[in-house]
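Asker: Sequence:
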Amino acid sequence: MRTELTILASPDRSPRISAVGGLAARITGRDTVHVIGTAATPLGGDHWDITVRVLPGARLTLRSVAASLALPGRGRVLSTAQWSVEVGDDAVLDCALEPTVIAGGAEHRVETTVSLMESATFLLRERVQIGRAGESAGRWVGVTNADLGDLPLLRHQLELGVGTVSHDVLDGPAAVTSELRYPDDRPAEVAGDIRSARTRLPLARGGSLTTRLGPHL
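Just so we're aligned: the sequence shown equals residues 1351 to 1567 in my numbering.
Hints are computed from structural coordinates only; laboratory data are not their basis.
Hints may be right or wrong, so weigh each one.
[Unchecked claim] Here are the computed distance ranges between Cβ atoms for each label pair:
hint: 1; residue 1: Thr1388; residue 2: Asp1535; range: 15 to 21 Å
hint: 2; residue 1: Ala1541; residue 2: Leu1405; range: 34 to 40 Å
hint: 3; residue 1: Ala1483; residue 2: Arg1413; range: 22 to 28 Å
hint: 4; residue 1: Pro1533; residue 2: Gly1395; range: 22 to 28 Å
hint: 5; residue 1: Ile1544; residue 2: Arg1363; range: 46 to 52 Å
hint: 6; residue 1: Ala1417; residue 2: Glu1509; range: 37 to 43 Å
Virtual Cβ for every residue (Gly too), placed ideally from N, Cα, C.
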């Protein structure tokens, strides 16, 4: 199944939404939109194409009503998602969806492209869990490319689960929380231990990337 979802936030009207496939969205507040699953997706072979545009001076808070569950399909285990995000001058985007759970035997790859203007305010929080209760055989890949104006802000890739360098059936991380924030002038921070670690990395052009790895969310 191919799913397409477009959300356009303007400063002078309610967000406009266009949806085809297994996702929909509903306006739940003045500047708030909740994403809703309308079918069992993503299955192996499915692709999500999600576009979020916040025009200059607009605000958008993006949430979801429930966690997403990536499942293997018949004959295909890999599902994919492409997020394209634009945030204009003096615009604000707060995007923090519910977690994605990768079921045993499933693979899910997410590529996120972000374009920010220097006066924008931006938060992107991702949460991923490998396996439901008693499962550990899923795989997730997250790629984030963010630009600030015409120059790079972040180039980042993280992998979890079977076949990745961090995979260990005894004690490897099975969950990640990743938060990209701009602007943010807080210093670097490292906390936790070998089983559950949290780091905040200041970015050269402003902003920060905070990552928490552990056995569960």
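Asker: What hints, given by number in increasing order, does this structure fail?
Answerer: Failing hints, ascending: 1, 4, 6.
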